[in-house]
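4 protein chains.
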Amino acid sequence: MFFKQFYDQHLSQSSYLVGCQRTGEAIVIDPKRDIRDYIEVAEAEGLTITHAAETHIHADFASGIRDIAAKLNVNVYVSGEGDETLGYKNMPDGTIFVKNNDDIHVGNVTLKVIYTPGHTPESISFLLIDKGGGSSVPMGLFSGDFLFVGDVGRPDLLEKTVQVSDSTEDSAKKMYQSIQEIKALPDYIQIWPGHGAGSPCGKSLGAVPTSTLGYEKINNWAFQAPDEATFTTELTTDQPEPPHHFAQMKKINQYGNEYFKPYIVYPAGDKSLQTFDVRTRNAYHGGHRHGTVNIPFDKNFINQIGWYLDYEQPINLVGDNQTVQDAAYVLQLIGFDLVQGYVKPKDEVISQHVHSKDITGKEKNVLDVRNDSEWNQGHLEQAVHIPHGKLLGTEVPFDTNEPLFVHCQSGVRSSIAVGLLEKKGFKNIINIKEGYKDIGKDV
Amino acid sequence: MFFKQFYDQHLSQSSYLVGCQRTGEAIVIDPKRDIRDYIEVAEAEGLTITHAAETHIHADFASGIRDIAAKLNVNVYVSGEGDETLGYKNMPDGTIFVKNNDDIHVGNVTLKVIYTPGHTPESISFLLIDKGGGSSVPMGLFSGDFLFVGDVGRPDLLEKTVQVSDSTEDSAKKMYQSIQEIKALPDYIQIWPGHGAGSPCGKSLGAVPTSTLGYEKINNWAFQAPDEATFTTELTTDQPEPPHHFAQMKKINQYGNEYFKPYIVYPAGDKSLQTFDVRTRNAYHGGHRHGTVNIPFDKNFINQIGWYLDYEQPINLVGDNQTVQDAAYVLQLIGFDLVQGYVKPKDEVISQHVHSKDITGKEKNVLDVRNDSEWNQGHLEQAVHIPHGKLLGTEVPFDTNEPLFVHCQSGVRSSIAVGLLEKKGFKNIINIKEGYKDIGKDV
Amino acid sequence: MFFKQFYDQHLSQSSYLVGCQRTGEAIVIDPKRDIRDYIEVAEAEGLTITHAAETHIHADFASGIRDIAAKLNVNVYVSGEGDETLGYKNMPDGTIFVKNNDDIHVGNVTLKVIYTPGHTPESISFLLIDKGGGSSVPMGLFSGDFLFVGDVGRPDLLEKTVQVSDSTEDSAKKMYQSIQEIKALPDYIQIWPGHGAGSPCGKSLGAVPTSTLGYEKINNWAFQAPDEATFTTELTTDQPEPPHHFAQMKKINQYGNEYFKPYIVYPAGDKSLQTFDVRTRNAYHGGHRHGTVNIPFDKNFINQIGWYLDYEQPINLVGDNQTVQDAAYVLQLIGFDLVQGYVKPKDEVISQHVHSKDITGKEKNVLDVRNDSEWNQGHLEQAVHIPHGKLLGTEVPFDTNEPLFVHCQSGVRSSIAVGLLEKKGFKNIINIKEGYKDIGKDV
Amino acid sequence: MFFKQFYDQHLSQSSYLVGCQRTGEAIVIDPKRDIRDYIEVAEAEGLTITHAAETHIHADFASGIRDIAAKLNVNVYVSGEGDETLGYKNMPDGTIFVKNNDDIHVGNVTLKVIYTPGHTPESISFLLIDKGGGSSVPMGLFSGDFLFVGDVGRPDLLEKTVQVSDSTEDSAKKMYQSIQEIKALPDYIQIWPGHGAGSPCGKSLGAVPTSTLGYEKINNWAFQAPDEATFTTELTTDQPEPPHHFAQMKKINQYGNEYFKPYIVYPAGDKSLQTFDVRTRNAYHGGHRHGTVNIPFDKNFINQIGWYLDYEQPINLVGDNQTVQDAAYVLQLIGFDLVQGYVKPKDEVISQHVHSKDITGKEKNVLDVRNDSEWNQGHLEQAVHIPHGKLLGTEVPFDTNEPLFVHCQSGVRSSIAVGLLEKKGFKNIINIKEGYKDIGKDV
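Chains as they are written, first to last, in the numbering used here: chain U, 1 to 443; chain G, 1 to 443; chain V, 1 to 443; chain H, 1 to 443.
Treat the hints with care, since some could be wrong.
The list that follows gives simulated cross-link-like pairs (lysine to aspartate or glutamate, EDC-like), each with its CA atoms no further than 16 Å apart [stated by the list, open to error]: (1) G/K299 / U/D270; (2) G/K203 / G/E241; (3) H/K217 / V/D337; (4) U/K160 / U/D170; (5) G/K346 / H/E43; (6) G/K4 / U/D8; (7) U/K261 / V/D337; (8) U/K357 / H/E348.
These aren't lab readings, by the way, just hints derived from the structure by calculation.
This is chain U alone, in the form it adopts within the complex (with noise of 0.2 Å):
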């Protein structure tokens, strides 16, 4: 049996090649839209892409389920699990809707259906028997969102996205009951997760990229909890906001979405879209376009640009040709195919910044674009709390000509919020560097 993992540092995702080399035949598991990868190395290894399979409607990342189908023609099983009306639609004819104990062969391989509920209400996981490496015993499960190393998936995603209103608890409760279920499969079994650390699809992912059934039974929180309301509670709490975009990708994983296709970016004729500046954050305070976002093109690109993203609308990059290139690439891998163009770097605005340690508390205007839990925690108390994923909606209470103080944890959401605020307007904008973390600390 052939494995291998392939893990995206830009959405923190694992999809997986197994192939049975008795056959030829091999599956991709949770494919995402461009399927190049997988062809390649398939081929290396003499493999042909049979079959395709997916755990569950993925919020996060576009789902590469049906290019695949549509590209190399495989057979493809998603999950036939859960209510009808949340479920997949638009499916490629011959889709194989499967259910819990279903078995798929891959040539040799078996990949057992287990339903495993939680996350979404049809999400399925596969465990694998290597027959053709003589084995009867399983080796390891493709756990989806399900359970991650350190964790399991959220369950309020369908509620915060989608507005099913009050489903939060009910999924709650379900994932404990996948939870008890598990526990009954052996220690040895290796678990292969759809998400590493950094993903939104939970509260604290391991960076690990994968990990045993009996080591999370010992170190994971959530086998832990020692009945399910205590569960319920640990897993409903503190759940980050989840970012803008996951509403769209729930939406087109559902129900489909244009063939992934390379395009390129020119230099952009309509530059007065909204703009975002894709190089380093020092680079962009060393100097700006007026009005630009600073989204930098690193490993948390996508987690923080899917805050400000209307799927509707066009946008332009700033940023070296290369840098745009990949970053427009990258966007398709959550189905934003519309960057309109790219604009070079201007020294407009040199942004203005004080030290946490230099910040009196005495300052008269204060924004605070923490999440809710960080502002719960403590806050200056002059300060206007608006998160920074609202900014753009949200009205901001202060004379814009005035100097206005902006800050965050610790630097970053603040640096994104000053391009957002010279757009409200703002002429006098003052990021405090640091964050709240080092206010008033002689570090």
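Put chains G, V and H on the given structure of chain U with help from the hints.
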């Protein structure tokens, strides 16, 4: 904790980067000579490589443990177990020679040394405990060439490559003991081995990159052997002949080597050197320079060219510029830095072939270049047997003017033999295309 | 003034970027469909592409004049000379149709239009005067396919590709006139032509990228002809047959085409399509799929595959993934966007060959695939003549079960013919390796 | 004949490959240390590099003439003209020292040596005659640093870089003589110079890569001078100070240097070395390490860093890994192989700045780092003048605790000065952003 496996296709070798995010420290386990990948990944994660460790004196590739010490000024850990005369020499100042039960601390991550001889006398494994992640139980075992997925390390290399006489059986017994002791560890720990499928360090390594102890107990033959004698017999039987370069690897990894430095291959000045054609088999047979030996630059490149390299003699390569530079680079991973130049292809010889199905069995001169065990399982009556790896140094007892039929099992090794026979003066070489497996078959 | 020549190896085509550094404006002359290189160079120089111009309706590659207009919103200049029915159609709004003596201003750089018909009825050239550089005399001439280094453009394409009957001789006379008129310009002006060596737009183009008028007057045959009649005869004699794709190029460049969009070639679904093997000749003959046609992906790729492309029919390519993607991209430069998939090589057929020196002259069935003028200069008595470019559509009058010897002049085109003959059912094709030039010679 | 110009953006330098297709021979003229590009192009054309020649002892980059001799075993031609003590030393055995009127034969291409002193005493040019192409008249002149497009080579480098006293005026007179003599050649010959715009080897080089003699006669100032005295005055006036590295270049190109070898830059061990930050100016000012000097890795990198390099001292670079490797490579082109390591960026200092328009003229401490001629044309009254290139070695007469305003003409050089002043202990440095040109202007 951060964890990443680096898998080298050409060496079928795994090295590992493990980091503690809290302290920013990281360790590389079993580094290759070229350490750039480790640095790049560490930096992307905000880690600094501060430690490096090695499981044993490798026999199949050039270790980078001295390189990483020299270039990054890290703390170096190697085995202090086993017979001193067979142990590490000329290690950098400050090297720590660890023994069974010693701990290596990398920030909040602990690696406990477990002495696991058998493949080599000094072989150790590292049991990882992620204290920073809040765990007090082990997560996994860096098992080097002791325990693979589906196999264990071969015990015969010392005897076969560096002539430590009669060591094979003794090593096999030690391996049996190591296996028994490791059984005490929990089933759920992950197994992170030093090699994958294709490595000549074992007989039947799997193509799954990692496993768990519990899974191996059930599926790995080494855990099934009822007693030491059965185990020893099975382990020492039918181990393939190790490629010639293994002896050189043992030497440089024990005593030290030049540090890795990139170099450029220019057009060959002296064209009389031993010359390897790294193009595909098809391209070679469609037209090649007389006397050049075809070792296609694919996943088997190192395993095949290893048979024919003399580490004292520079070589030339035939192929397009980029492939030649890549091949020269990969040769550096086995410590060979002597590609003198490259030569453009030329149609001096178009290979002659006959399909296996057209072999009558009456051909007069037949050379069988398979290995001993293949030969022993059946061969053409009139055939002469010289294993391909010995062809360069053995007289071939045929008239160089008569037609000479050459075959192996499936056509790969006889392709290599064609050029070797040309060098020896044979003028009428006929390659039996599909090899012994299809002789007389109507496929 | 900034000046850069872009030379495309596959098209033997030159396009140009000229910029005025004072105003930051730049013009592209004779752009290809993919305009990224122009943008990249312009930006690196601080220039913005504001203008684009074309010397004539190209017959050999897909013009990018409409692409650049659509993507960069530039001022577009094309010829308004010549017969209207043969002129540009469907040009973007705002296109300026220039005539003899018109000026195009790009910042402080002036391009004066000179009407230079002959290659095509509307052909114009641009005489550059670098006023920004302080000069009032011309620096050079963008001569398109009017004047090459060592040659002039062929006058027969309209007649041969789009059936404008009897136009060749008339065009040749116009060319004579254009040459006479250009003589009045100063000797010191540079000649910046539209093509270099290898282009089928002329008979004997030089491999020096630019020249001067004075040098051409002395060395170019076209300036030596004593009178119109001599010139016309020489120009119209022995022009090679234009590749099939020329007709399509004329059409799309006159009427418009899809805009350039990159695309990805996936593994072929339908393997029954016309299939080209883009590997080297050696690799193909060493083993290929039956009926696939070998067009190696090298500098002659476009010139050779142009003979066999049907613009209505998708094709497959055989080769490694990267080469196939590259080949598909290069095909886009001649407006062919229909590579449906790629196929891995397979050893279905190993070509048979005979060295030219071993040809006795007595072979029964011989096919000569050279062009007419080669055939006319001598051929084997018994040979049948079908030029390679017509082989697909012509019946080959031999028994498909008998040995069929095929040759061209030096072995390139007969290699292509092998696959075409396989498709036609021939079972015993023998390639005469070194071609007609070495038949019977002991080389 | 095959002809190709290679233009290096970082050196503003042109080298050339000329080949005779009939014999397969080729010559490189004025090679750089890294000769891979020449080899690649030659091979693609079926040519072998058999000759190499150099126009003069270069002062601005590391010659590759000894490298190409060592690696490709070619026939080497250098000037045997001029004062012997200033001529080539330690050339490889077999080097041919050519003199005026000598011929170099490369297949059927002839290069006639023309002695053209002025830039340096030994400078020669090569007049190309393409006999293989059937011509008996010259096609063009490889004019080295004698004649540029729009300019001639500066005559003052020997005096300024290697202290050949009083040589400038004498060289200028020789240049006048060389110009007079070259006038006899035909107008139509092409001029293929050794440098383009941006090179400090002349004052006003054009951005057009080649020219013709006739065009230069009309447009190049050097041909307009009415007499030797006028010419000499104009040529020797206002030549900018040559960068420091020129002296080193003269030395290694006269006496020889290490051969080019690629190397890898690892994370810096010793962080106390002189450190250059190769990121963009914006990124540097937005946050940089204290005392690091910003030389952005762009087209001006070599010209700027050349002022601050000590060839005996290793340096560190700040930037992302790839840019640092690229910058280290480009430094090898000027013979500097001592990049010891790289350092990640860190926000130790955010630069202070003031817009030029906000300068009152009353600022107390002002440092002007422009060059002498700029200073002489006007400056702030209270300013102290230290040209940027001398800043490292000159005491700056201000109190390091007081605010220090620093400016150049447009903001580039003062940006460099910021880090130099930090190193000197200044604690309150304010960069006048748009430089002297906009002081007091309301732009």
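Okay, the hints, checked on the actual structure:
1. Between G/K299 and U/D270 the alpha-carbon distance is near 50 Å, which puts this suggested pair outside the 16 Å criterion.
2. Distance restraint check for G/K203 and G/E241: the Cα-Cα separation of roughly 11 Å lies within the 16 Å cut-off, and the hinted pair is therefore satisfied.
3. At roughly 49 Å between alpha-carbon atoms, H/K217 and V/D337 are farther apart than 16 Å, so this suggested pair is violated.
4. Straight-line distance between C-alpha atoms of U/K160 and U/D170 comes to about 14 Å, which keeps the hinted pair within the 16 Å bound.
5. With a C-alpha separation of about 14 Å, the suggested pair G/K346 and H/E43 falls inside the 16 Å cut-off, and the hint holds.
6. Annotation: proposed proximity of G/K4 to U/D8 holds, straight-line Cα distance about 13 Å (limit 16 Å).
7. Pair hint U/K261 plus V/D337 holds up; C-alpha atoms about 14 Å apart against a cutoff of 16 Å.
8. For the suggested pair U/K357 and H/E348, the alpha carbons sit about 14 Å apart, so the restraint of at most 16 Å is met.
In summary, the numbered hints that this structure violates are 1 and 3.
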